[in-house]
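**Student:** Between the sequences and the hints, there should be enough to build the whole structure, so can you do that?
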Amino acid sequence: MPPATSRDVRGTLTGFRAHHVSPVLLALTVGAVLAVAGCTSHAPAISGPPAAGAATTAVAVDPNAAASAVISSLGAVPIPSAPETDPTPTATPAHPQLLAIGAPVIAHLPDGSALLITALGPDQLSTAPASGGKPPQSTIGLITINARVTHGSVTLSAAEFTSRDQTGKLITLTPRGPATVSATNGRTATLSIQGRFTSGAAQITWTHQKSVLALWDFNIELD
Amino acid sequence: MKIRFGRGRRRGLLTVVGVVAVTASFLSAGSAAAAVAPAQSVTAANAAFKAPKIGHVWTIILENKSYESTFTGLNQNDYLWKTLPSYGELLRQYYGTGHYSLDNYISLVSGQAPAPANQADCPQYTNVAPGFPAPDGQTYASTGCVYPSSVKTIFNQLDAKKVSWKVYAQDMGNTPSRENVYQCGIPGDPSGAGVVDPGGATPADQYVPKHNPAPWFHSLTDSAKDCKNVVPLDGYAATAGHKAIPSLAADLKSIKTTPAFSWISPNNCSDAHDATCKGDNLSGDPNNHQGGLYASDLFLKKWIPTIMASPAFQKDGEIQVIFDEAFPPYKMYGNSIADYTGNADPSYNVPTDTAQSVVACCNELPGPNTTQPGFQAFGQDTTPGGGITGAVFISRFITPGSVSDQPYNHYSWLRSMEDTFGVTTGGTDGHGHLGYAAADGLRTFGADIYNNVSGQAYRPSTSGSKIFSATASADTAPAVKVNKLSIPVAKR
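Those protein sequence lines, which keep their order, are chains H and V. According to the working numbering, the residues represented by the first sequence are 1 to 223, in order. According to the working numbering, the residues represented by the second sequence are 224 to 715, in order.
Simulated from the structure, these hints should not be mistaken for laboratory data. Built from N, CA and C at the ideal position, the CB exists for glycine as well. It is possible that some hints are incorrect.
Said to hold, decoys possible - Here are the in silico distance ranges between beta carbons for each label pair:
hint: 1; chain 1: V; residue 1: 699; chain 2: H; residue 2: 174; range: 50 to 58 Å
hint: 2; chain 1: V; residue 1: 525; chain 2: H; residue 2: 168; range: 33 to 41 Å
hint: 3; chain 1: H; residue 1: 136; chain 2: V; residue 2: 352; range: 23 to 31 Å
hint: 4; chain 1: V; residue 1: 706; chain 2: H; residue 2: 179; range: 47 to 55 Å
hint: 5; chain 1: H; residue 1: 159; chain 2: V; residue 2: 664; range: 52 to 60 Å
hint: 6; chain 1: H; residue 1: 90; chain 2: V; residue 2: 693; range: 39 to 47 Å
hint: 7; chain 1: H; residue 1: 92; chain 2: V; residue 2: 506; range: 25 to 33 Å
hint: 8; chain 1: H; residue 1: 136; chain 2: V; residue 2: 295; range: 25 to 33 Å
hint: 9; chain 1: V; residue 1: 706; chain 2: H; residue 2: 155; range: 47 to 55 Å
hint: 10; chain 1: V; residue 1: 472; chain 2: H; residue 2: 170; range: 40 to 48 Å
**Tutor:** Written out as structure tokens, the structure reads:
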């Protein structure tokens with residue numbers, strides 16, 4: 001697994017651009033920090049940067065010079081860049097997609113229709129009374145399916161969506177509102193379904209014409 | 224069971240080492256181009272381990288996930304699961320200390336064991352009663368959740384050492400009527416009947432007091448000086464009688480303005496607590512309220528690079544991403560030690576997914592206020608412990624891609640921070656350790672964590688490039704298996 005891309009710290013360190021450090025000052029700074037750290041000649045540069053709150057000569061000159069000296073001597077710690085936004089995956093009957101709840105997926109249906117669909121929630125609709133001061137163990141949760149049709153026309157039924165918890169137990173889902181929704185190219189269909197979810201993890205599976213197209217997983221936190 | 228306290232323990236604390244020090248010296252030993260030759264297994268005798276001088280720590284605390292939820296891909300949180308461990312170290316056996324959330328925060332900063340009200344996340348914000356001292360630095364807390372001023376925290380200890388600190392709480396003060404931004408984020412006055420139901424996020428204000436460690440201690444909330452250090456993550460505009468409060472981003476610009484210790488509490492969305500957020504999740508899409516580990520990844524993607532780019536981090540910093548407690552699902556790493564079926568409440572007599580589970584580590588004791596720090600959460604027969612959550616640490620003193628299987632818990636964290644910042648006097652044991660952080664033999668972050676003592680910067684590497692095994696005692700050196708070369712970064 002390759003690590004995410006990292007960017008070169010040089011020139012991007014917060015606050016560093018404003019503090020040009022001359023070679024002479026840098027040398028003095030490194031020397032000062034080394035002296036404070038008590039490094040010996042065979043020690044690898046700064047083996048003991050100043051402890052928390054400790055002042056150094058370098059710090060007195062420029063608070064950030066000590067960091068520059070460490071970087072010069074030991075290198076800059078690489079910084080993980082935030083990865084680019086993942087491209088929206090595409091699901092087909094031959095290639096369903098596993099997703100985190102809320103993540104959209106482009107779905108191509110057997111009849112040639114296409115849609116951008118996501119499952120949101122579960123939104124907590126009710127809370128069972130807590131006993132003994134404890135948080136409730138389960139709640140009625142609402143799952144909202146948003147489907148924007150990008151080609152053709154699509155009809156979604158609540159029966160196409162099933163849910164199981166992390167133990168494999170089936171969670172009964174019922175429509176909240178229309179059991180079937182439809183939309184044509186450029187329009188969005190919204191389907192609401194609800195079930196009782198227990199603290200832990202669960203998943204929503206979308207099965208269209210006997211083919212699984214997408215599965216969204218999520219956690220239920222009730223404390 | 225009585226915990227043993229005493230002086231003269233310190234020697235044992237600092238003797239976790241061995242091959243790591245040897246390996247670390249190979250890693251950096253003054254040779255910029257040095258790379259570690261892979262080896263199948265390396266073992267060496269214990270030796271004196273001298274921890275590097277960490278000067279700045281940022282502790283980011285997330286919510287309610289088992290190790291499996293977070294670090295096995297179950298929730299597709301790639302940034303925390305995959306990216307960050309390749310830049311630092313994955314602690315595969317980091318434990319919470321109780322259920323539900325609040326007791327973990329209290330244990331972390333004070334060493335106090337769980338008590339009924341904080342186990343229930345403090346349904347009523349009231350003072351602890353009776354509140355008088357119990358053995359082992361504990362406090363009798365039959366009711367209530369705000370500890371008397373006699374109960375000290377790591378923040379009080381840092382004050383005494385004149386070490387700077389701040390608590391950054393995201394969203395705190397967004398709705399001033401919900402919490403007092405100028406008094407440690409308290410939700411109201413805890414005296415008398417206190418404040419009913421002080422938790423819960425709103426669309427405009429997803430701050431929740433139960434995820435801020437400060438409002439639960441009079442030793443902090445009664446101090447205007449200390450409360451000036453408990454601030455909104457994104458800063459706060461000036462108000463009548465109060466200057467503007469700088470943000471974390473502003474504080475990071477200079478070492479001079481960066482606290483030595485920064486505790487960061489994301490809001491109830493960004494800390495992965497809410498599966499569906501009440502408000503903004505930092506995605507930039509006002510219609511996207513996806514929470515859980517998706518939201519915490521968004522938070523980490525924003526803040527980890529910002530912290531790492533700061534002069535203080537590059538100089539001598541350490542970032543810690545921890546969780547308060549584990550929640551289901553957990554198969555390999557569970558939350559309970561048994562499926563006892565004799566509970567009076569039949570709801571507890573249910574099979575749970577605990578086949579290979581363990582509940583606690585590090586000889587955690589339940590404390591004087593409850594026999595079940597785990598609160599029998601999720602129908603389980605929990606004794607001490609909050610389950611395995613895992614954690615990720617990043618520092619120039621940690622080789623990228625390292626993994627440690629050494630068990631640690633929140634008390635270990637507290638003791639480690641006390642030692643890191645040179646708190647060596649006072650506390651429960653006279654050596655600077657509060658409450659159960661003073662437990663005999665409790666291991667601090669050692670050679671398995673600070674495995675690159677020279678601070679030589681290395682390129683990111685696949686998680687598992689170096690794996691440190693667990694050892695039975697703090698006096699035993701961890702063995703390390705090196706699976707991949709560590710490559711130094713190019714210098715200026």
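**Student:** Now tell me if each hint is right for this structure.
**Tutor:** Status of each hint after checking the structure:
Checked against the given bound of 50 to 58 Å, the beta carbons of residue 699/V and residue 174/H, roughly 57 Å apart, stay inside it. At roughly 36 Å, the beta carbons of residue 525/V and residue 168/H sit within the given window of 33 to 41 Å. Remark: the range hint 23 to 31 Å for residue 136/H to residue 352/V is upheld by a beta-carbon distance near 26 Å. One distance hint, 47 to 55 Å for the beta-carbon pair residue 706/V and residue 179/H, holds here, with the actual separation near 54 Å.
Between residue 159/H and residue 664/V the Cβ separation comes to about 58 Å, which falls inside the hinted range of 52 to 60 Å. In this structure the hint that residue 90/H and residue 693/V lie 39 to 47 Å apart at CB holds, the actual value being about 43 Å. Take residue 92/H and residue 506/V: their Cβ atoms lie about 27 Å apart, and the range 25 to 33 Å holds. A hinted range of 25 to 33 Å holds for the C-beta pair residue 136/H and residue 295/V, which are about 27 Å apart.
In this structure the supplied range 47 to 55 Å holds for residue 706/V paired with residue 155/H, their Cβ-Cβ distance being about 52 Å. A hinted range of 40 to 48 Å holds for the C-beta pair residue 472/V and residue 170/H, which are about 47 Å apart.
Checked against the numbered hints given earlier, this structure breaks none of them.
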